[in-house]
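Please model the entire structure based on the sequences and the hints provided.
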Amino acid sequence: MSIGLGHYLVVSGLLFSLGLYVLITRKNAVAMLMGVELVLNAALLNMVAFSRLGRVGPDKLDGQVFALFGIVLAAAEAVVALALVLQLYRAFRSVDTTETTDLKG
Amino acid sequence: MVPTVPPAVSPHRRPPRGTVRAYFRNIRLALSTAFDGMSVTMSYMFRRPLTIQYPDKIDKPVQEMLPESYRGVLEVDMDRCTVCLQCQKICPLGCINIESCKNPETGNREVTKFDIDIGLCMYCGLCAETCNFDALDHTREFEATVTTPDQMILHFVEKPREVTKLKAAEMPVRKHKGSILQKMIPAFGRRHPQEVWTPTAYAAAPVPALKAPTATPKPAAPVASAAPSAADSPTPEQAP
Amino acid sequence: MNGSIVQVVLFYLLAALALTGACLVAFSRSIVHSAFALLGTFVGVAGLYALLAADLVAIVQVMVYVGGVLILILFAVMLTARVDEGKESNPTVGKIPGLLAMLAMAGLLVVTAVKAFGPRTVISEANPPSTVSPIGNLLLSKYVLPFEAISVLLLAVLLGAVTIASGRMRKGAGGKQEGEAPR
Amino acid sequence: MNIMHYLADLLVRSLFKADPATWPYTWIAYAVVIGVGALLAFAFVAIFAGPVTWIERRIAGRIQSRIGPNRNGPQGCLQWLADGIKCWLKEDLVPATADKPLYLAAPYLVFTGMFGAFVVLPFGAHVIAADLNVGLLYILAVTSLVVVGLLMAGWGSNSKWALFGGVRSAAQLVSYEVPSAFSLMAVVLMAGTLSTQGIVGAQGGWPWQWFVFRNPFLFAAFIMYFISAIAEGNRTPFDLPEAESEIIAGYNIEYSGMRFLFFLFAEWANMWIMAAVATLAFLGGWQIPGISPERIAEAKGWTFVGWQALSFAIFVFKGTCLVFTIIQIRWTLPRLRVDQLMITCWKYLVPLSMGSATGVLLLMALVREGGIVDWVMRGAMLLVGLLVAGAYIRKVRATFMADRDNYKKMEGRDLWYPPYRLP
Chain A
1 MSIGLGHYLV VSGLLFSLGL YVLITRKNAV AMLMGVELVL NAALLNMVAF
51 SRLGRVGPDK LDGQVFALFG IVLAAAEAVV ALALVLQLYR AFRSVDTTET
101 TDLKG
Chain B
1 MVPTVPPAVS PHRRPPRGTV RAYFRNIRLA LSTAFDGMSV TMSYMFRRPL
51 TIQYPDKIDK PVQEMLPESY RGVLEVDMDR CTVCLQCQKI CPLGCINIES
101 CKNPETGNRE VTKFDIDIGL CMYCGLCAET CNFDALDHTR EFEATVTTPD
151 QMILHFVEKP REVTKLKAAE MPVRKHKGSI LQKMIPAFGR RHPQEVWTPT
201 AYAAAPVPAL KAPTATPKPA APVASAAPSA ADSPTPEQAP
Chain C
1 MNGSIVQVVL FYLLAALALT GACLVAFSRS IVHSAFALLG TFVGVAGLYA
51 LLAADLVAIV QVMVYVGGVL ILILFAVMLT ARVDEGKESN PTVGKIPGLL
101 AMLAMAGLLV VTAVKAFGPR TVISEANPPS TVSPIGNLLL SKYVLPFEAI
151 SVLLLAVLLG AVTIASGRMR KGAGGKQEGE APR
Chain D
1 MNIMHYLADL LVRSLFKADP ATWPYTWIAY AVVIGVGALL AFAFVAIFAG
51 PVTWIERRIA GRIQSRIGPN RNGPQGCLQW LADGIKCWLK EDLVPATADK
101 PLYLAAPYLV FTGMFGAFVV LPFGAHVIAA DLNVGLLYIL AVTSLVVVGL
151 LMAGWGSNSK WALFGGVRSA AQLVSYEVPS AFSLMAVVLM AGTLSTQGIV
201 GAQGGWPWQW FVFRNPFLFA AFIMYFISAI AEGNRTPFDL PEAESEIIAG
251 YNIEYSGMRF LFFLFAEWAN MWIMAAVATL AFLGGWQIPG ISPERIAEAK
301 GWTFVGWQAL SFAIFVFKGT CLVFTIIQIR WTLPRLRVDQ LMITCWKYLV
351 PLSMGSATGV LLLMALVREG GIVDWVMRGA MLLVGLLVAG AYIRKVRATF
401 MADRDNYKKM EGRDLWYPPY RLP
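Protein chains in written order, with the numbering used here: chain A, 1 to 105; chain B, 1 to 240; chain C, 1 to 183; chain D, 1 to 423.
No wet-lab data here; the hints were simulated from the structure.
Certain hints may be false.
Result set (EDC-like, lysine to aspartate or glutamate): computed pairs, CA atoms no more than 16 angstroms apart in a straight line [claimed, not checked]: (1) K102(B) - E162(B); (2) K113(B) - E158(B); (3) K167(B) - D134(B); (4) K142(C) - D62(A); (5) K395(D) - D36(B); (6) K177(B) - E64(B).
Simulated restraints, written as ranges between beta carbons of each label pair [stated by the list, open to error]: (7) G355(D) - L159(C): 19 to 27 angstroms; (8) M45(B) - V152(C): 51 to 59 angstroms; (9) D96(A) - A16(C): 31 to 39 angstroms; (10) G35(D) - T20(C): 21 to 29 angstroms; (11) T303(D) - V152(C): 51 to 59 angstroms; (12) P91(C) - I47(D): 49 to 57 angstroms; (13) R28(B) - P91(C): 52 to 60 angstroms; (14) K347(D) - G136(C): 28 to 36 angstroms; (15) G119(B) - G35(D): 54 to 62 angstroms; (16) T97(D) - P91(C): 19 to 27 angstroms; (17) T97(A) - K115(C): 34 to 42 angstroms; (18) L154(C) - L15(D): 51 to 59 angstroms.
Just so it is clear, the structure is predicted and the values come from calculations on it, not from any experiment.
We put the beta carbon where it would ideally sit given N, CA and C, even for glycine.
Put into structure tokens, the structure is as follows:
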């Protein structure tokens with residue numbers, strides 16, 4: 001018994017679909033952001049798993065570099081998204097995405 | 001996330017012109033003042049502590065070091081009390097409870113109860129001020145710890161006793177403050193029971209010479225306390 | 001460590017941690033619980049990275065996600081939580097379609113993964129001694145352009161976030177609000 | 001080869017007469033050794049944190065011209081045990097409106113975050129749990145768990161003051177992570193590695209081989225790291241999360257009994273961690289003056305054990321000196337305001353620590369290591385350090401002398417009281 005690439009891919013697939021569920025069902029903007037983070041984590045796990053266990057060979061670290069870039073991008077995205085959410089809350093006193101539908105006000 | 005508060009500048013000195021200079025001046029001030037403060041606290045590592053450890057490492061009882069006007073637990077000298085009830089009336093909290101009656105056999109007034117609830121007392125000193133016979137007064141005792149709540153009520157009259165009929169000048173000398181309490185409750189007792197507080201003892205400065213002055217004022221005390229009470233007690237015609 | 005048993009046990013433990021966290025995020029009724037459950041996912045995924053001998057990525061994951069993103073999300077949750085929401089602070093819509101979509105996606109991904117890579121378990125034997133300096137070399141040679149682009153992006157994000165968060169969107173309507181204390 | 005591997009291999013060889021490289025159950029031996037190591041580290045934290053509480057209270061007494069706890073045991077040295085037992089026996093209250101799972105989990109998260117850092121602290125030449133090649137980053141990463149724990153405690157308690165304390169603490173920790181990371185980066189640049197043993201190995205035993213005295217930028221980085229480490233540990237003058245005057249005790253206000261003790265434990269452990277990181281990064285770590293690491297590694301038998309013990313003692317001594325400084329700072333400086341706290345971080349420490357990292361880079365590019373300029377710089381920095389120490393001693397003496405005669409006149413006895421004597 002040993003752990004191969006397939007195991008990691010299954011975990012990342014489950015993470016991705018849970019993130020998708022969050023994105024579909026949640027109404028709260030912050031909660032949707034959490035779903036995005038789950039999806040991103042699934043993708044990054046894929047990259048690292050492929051870089052280590054894929055066909056490219058263990059000494060090729062491009063996948064890990066991409067994962068690093070991804071982590072940094074996720075952080076940047078979270079910062080901007082949360083700034084927007086705060087501003088949304090100030091304007092509407094709510095972060096429910098079904099209520100905050102006015103374009104002009 | 002960067003705060004938009006203006007930089008804190010010490011109000012004592014005029015801030016230098018130019019923000020760059022102020023910036024570096026703040027850094028210099030922070031470092032140099034921290035350096036000064038650290039050196040002061042470090043010098044205290046080599047100093048004898050000023051605090052004296054209470055209660056077992058001081059060379060005389062704390063009660064003797066307290067100021068003259070200290071208001072401790074109340075105490076009554078029943079030999080001087082005329083049961084005028086002035087103290088009971090003036091007490092804002094009603095912590096003094098006095099009862100008296102006429103003895104049908106002898107026809108004399110007898111006091112049957114003189115209770116002071118020290119749990120209730122707020123040490124305002126009104127009762128001590130109204131007492132014309134120097135019977136009720138604050139002592140310097142403050143360690144009024146008791147083990148049960150009912151011990152907080154001090155019973156100064158154990159069994160009914162005759163009320164004194166003497167004039168203030170003829171009354172026996174006021175017992176030393178605290179000596180009655182010490183007899184009533186051992187917990188109030190000092191570790192040096194032979195030393196009784198007197199104002200002159202505190203005024204005497206050197207520590208080794210303390211014992212001599214405590215002993216000497218004892219004969220002087222009656223003169224000191226009797227003379228003023230005889231002089232300025234024209235009104236009270238308490239003699240029954 | 002030698003011995004694949006340790007690796008197998010650790011893998012299942014970490015995968016369970018990550019997936020439990022994700023499930024709590026998805027199904028918890030309180031948004032605060034959801035946010036704290038993200039911690040499990042992030043730490044679990046970081047552990048999986050460490051199991052994949054990607055130590056730098058694992059540490060950066062913990063540092064950036066737990067120390068940065070999670071804290072930001074928690075702050076956002078606490079600043080936008082309402083007192084009157086009570087226990088059910090994270091409402092959901094369309095649970096059934098969501099579940100269906102999730103199951104379909106999960107089935108698709110899992111079947112693909114198992115079919116493509118399940119029987120052929122690739123195990124690389126040689127543990128690279130350190131990934132720190134090779135990754136550093138890669139960042140400054142092959143990927144120097146993305147690296148610089150990312151730094152410019154980070155600067156832009158810094159300025160943009162400050163501008164958006166501190167600016168007024170419209171006058172009079174909201175004004176500056178402080179987050180309510182939770183009940 | 002660190003001590004954990006060595007011991008595990010020894011265990012396998014001597015007990016089971018097997019070759020650790022091929023034996024299939026070696027991992028059990030490793031697990032046992034790791035478990036014992038974790039227990040030892042825990043015992044170190046406990047044994048360090050406990051008496052330090054007593055020492056801190058005695059030092060605080062001295063600084064404030066009073067006595068401090070001296071009742072339990074000789075000179076009160078068992079006070080910490082009494083306090084610990086009291087906390088252990090107390091009821092573990094959970095507020096009725098608390099968010100129970102978060103409330104209960106928070107102290108352990110905080111403690112895990114602190115305790116995790118012990119894995120990479122090099123206590124001696126080979127006394128280290130795991131010499132990760134991302135050591136310093138690992139410390140920075142694992143302590144971010146603390147922030148989550150504090151927020152969890154603040155929210156879970158369902159109390160205004162706890163939430164304020166938690167949020168303040170989180171904001172402070174997140175902010176001060178930036179300057180501390182930048183000043184450690186200056187060291188990482190000099191050493192060329194992130195591994196803690198590698199950083200210690202890049203320095204030497206003598207003060208002029210330490211990183212503090214290498215160049216002025218590293219000297220500044222040391223001061224800035226020290227300041228931001230104090231802030232990260234929520235110690236005075238940065239103890240706003242626990243400001244008694246505004247929020248009564250901060251995030252731990254609703255806790256009682258053992259959980260409260262865990263928060264305190266984490267605080268003391270953290271004090272040691274920041275002192276240890278400052279020691280290993282700037283003050284030469286466990287390096288024994290005049291003895292090269294190769295000689296320690298080559299030594300056999302009791303000589304080897306002796307070198308290990310000596311290096312351990314040196315490391316703990318340096319760390320304890322820094323802990324003492326932190327304690328003294330706590331009883332010297334007043335608490336900062338919230339805006340001053342943030343200004344200190346973002347306007348002063350962050351740009352200056354960036355500047356020091358850049359300066360180190362510049363000097364590395366311009367000055368050849370071991371060249372004349374390098375040695376002149378080291379000598380000058382050492383001289384500066386000695387001058388500062390001399391000025392400090394002079395100032396302490398002057399403050400002491402200023403009050404000595406007055407005291408003698410008033411009290412009739414000498415003011416001098418050596419610090420090792422306990423009143």
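These are the hints, each one checked on the structure:
{"no.": "1", "hint": "K102(B) - E162(B)", "verdict": "holds (9 angstroms)"}
{"no.": "2", "hint": "K113(B) - E158(B)", "verdict": "holds (8 angstroms)"}
{"no.": "3", "hint": "K167(B) - D134(B)", "verdict": "holds (12 angstroms)"}
{"no.": "4", "hint": "K142(C) - D62(A)", "verdict": "holds (9 angstroms)"}
{"no.": "5", "hint": "K395(D) - D36(B)", "verdict": "holds (8 angstroms)"}
{"no.": "6", "hint": "K177(B) - E64(B)", "verdict": "holds (12 angstroms)"}
{"no.": "7", "hint": "G355(D) - L159(C): 19 to 27 angstroms", "verdict": "holds (21 angstroms)"}
{"no.": "8", "hint": "M45(B) - V152(C): 51 to 59 angstroms", "verdict": "holds (53 angstroms)"}
{"no.": "9", "hint": "D96(A) - A16(C): 31 to 39 angstroms", "verdict": "holds (33 angstroms)"}
{"no.": "10", "hint": "G35(D) - T20(C): 21 to 29 angstroms", "verdict": "holds (24 angstroms)"}
{"no.": "11", "hint": "T303(D) - V152(C): 51 to 59 angstroms", "verdict": "holds (56 angstroms)"}
{"no.": "12", "hint": "P91(C) - I47(D): 49 to 57 angstroms", "verdict": "holds (51 angstroms)"}
{"no.": "13", "hint": "R28(B) - P91(C): 52 to 60 angstroms", "verdict": "holds (56 angstroms)"}
{"no.": "14", "hint": "K347(D) - G136(C): 28 to 36 angstroms", "verdict": "holds (31 angstroms)"}
{"no.": "15", "hint": "G119(B) - G35(D): 54 to 62 angstroms", "verdict": "holds (57 angstroms)"}
{"no.": "16", "hint": "T97(D) - P91(C): 19 to 27 angstroms", "verdict": "holds (22 angstroms)"}
{"no.": "17", "hint": "T97(A) - K115(C): 34 to 42 angstroms", "verdict": "holds (37 angstroms)"}
{"no.": "18", "hint": "L154(C) - L15(D): 51 to 59 angstroms", "verdict": "holds (54 angstroms)"}
Consistency with the previously given hints is maintained throughout, with no hint failing.
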